[in-house]
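2 protein chains.
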Amino acid sequence: MAKLIECVPNFSEGRNQEIVEHLAEIARDVKGVTLLDYSSDTSHNRSVFTLVGDENGIQDVAFSLVKYASEVIDLNKHEGGHPRMGATDVIPFVPIKDVTMEECIEISKKVAKKINEELQIPIFLYEESAATQNRKNLAKVRKGQFEGMPEKLQQEEWAPDFGERKIHPTAGVTAVGARMPLIAFNVNLDTDNIDVAKKIAKILRGSSGGFKYCKAIGVMLEGRNIAQVSMNMVNYEGTPLYRTFETIRFEAKRYGINILGSEVIGLTPAQALVDCAEYYLQIEDFDYDKQVLENHLLS
Amino acid sequence: MAKLIECVPNFSEGRNQEIVEHLAEIARDVKGVTLLDYSSDTSHNRSVFTLVGDENGIQDVAFSLVKYASEVIDLNKHEGGHPRMGATDVIPFVPIKDVTMEECIEISKKVAKKINEELQIPIFLYEESAATQNRKNLAKVRKGQFEGMPEKLQQEEWAPDFGERKIHPTAGVTAVGARMPLIAFNVNLDTDNIDVAKKIAKILRGSSGGFKYCKAIGVMLEGRNIAQVSMNMVNYEGTPLYRTFETIRFEAKRYGINILGSEVIGLTPAQALVDCAEYYLQIEDFDYDKQVLENHLLS
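Protein chains in written order, with the numbering used here: chain A, 38 to 336; chain B, 38 to 336.
Think of the hints as simulated: they come from the structure by calculation, not from any bench. Treat the hints with care, since some could be wrong.
It does not matter which identical chain is meant; a pair holds if it fits inside one copy or across any two.
Stated by the list, open to error - Straight-line alpha carbon distances no greater than 30 Å define the calculated DSS-like cross-link-like pairs of lysine-lysine that follow:
1) Lys134 <-> Lys327
2) Lys290 <-> Lys189
3) Lys327 <-> Lys68
4) Lys290 <-> Lys104
5) Lys327 <-> Lys249
6) Lys151 <-> Lys236
7) Lys134 <-> Lys40
Bound conformation, chain A alone (with noise of 0.2 Å):
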């Protein structure tokens, strides 16, 4: 069975509709890879594309897309509210079926070396592939963005994973990685109560001592006029959705507050989903490889 690799490239530009729908014709070309999704954020000014494919076609895919928004985005005149470093800002690389995290974490790296020979542009390794701990965090790798780059290169513990201290002139730096399925996955509270929302969120957050793969924030739903808790949960093996689901059940508790429901945003691996009906069904034993119909249908 082949290797199914999901690749999530950003890329900085979110306005100019031609450049936009010129990548997504260069990853429809590209055999062994399915362009399942892109989307473009005018006020971010910004692009997600979501693919997925087998071993070569996801490296091939993710160079030719780096390339092209390598010749077209000019960082320099770049504008938007989303922080970026790089015409190609970030490159997640998601094991998805048959392939282990060291095989995604592998890629991401032949990719990043690729990216780096011939397009000079300066790579930092984070998630999974990062070297040290702190360039694991995205938004530490980043900061400073585009404009503090050519400083920050400078600085004795932020030297590019491959390439020179010195960012490419109109592409900047990209993070190149690899990290799990990441699932949006929000509960909504039956209170008008953003505080509420906000504490459960403060206790099931990896960051301040909850569960180590959530990432979960309280906000207001306006138009319903509810709290969520809304989440983004960045390993769902590690962290199961209905672990954190539970336990604003019995925290909300407290409060006399009930669940109304949940919503899974975007795009989902069926076996975060199956994990929690063997939960709740009890099964034993359960072989999801095995015994999931579709498992065997995968080219």
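Following the hints, position chain B against chain A.
Leaving out everything else, chain B in the frame of chain A:
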């Protein structure tokens, strides 16, 4: 995206491994088809093949297997514990992906017609393909078995759907139809009292007033000395797994008995479990086809 159809033919041969292996070879040789599994039961003297393929491949493989079975299996010499009426006893077609039940019914009728025309085996259409209510149930169609078929075919209401009122001399009669995927789902109770499992099974069974698409019996798991509600879920959309699970939970409470766990035996479509996660996590507006990543990858 290609339509994906499952086919689960049952053959009246489970002892001669040469014949079974040759059936497997035939299945592996058909283009557009994957042989997911095959297993033989020597006491039943019967083999079950699980195949999946596109619209054309699945018809080709079904016909090729039936043709070979009709050449090498002689029902006059068949002995075994399982009811049977044909060399190929029954051929269900099952919608898996991007295919409707109506299309699977059409496929079943095309294959049935070809088997009859080219091999002179009379066919009963059963389950969703059945022309009348009393042909839906396979047990009713097969009643009388191979030995009783010559006489049964003479009865007013038992003219075959394809073919004349006489059996194939060695290959008998075959049932062909379309049905939903079947999931074997068992729930273990914290009791050694089989009567409780039997009472709950009766509550669940469609045939005794329970859920329409649930077949259930109470059995003992001798090795663990616990009682089990053993179910065949014949349409997980009509009767989802969580509904029987929660019903067992609240019915068992009457006796002060808890659920120990459950088992899914063999294959299940991912959607049957994702539907359960949707229920327990109270996910609002989840779109299975669009939001599950793997659905974009199936060829």
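query: Which earlier hints turn out false for this structure, listed by number in ascending order?
result: 2, 4 and 6
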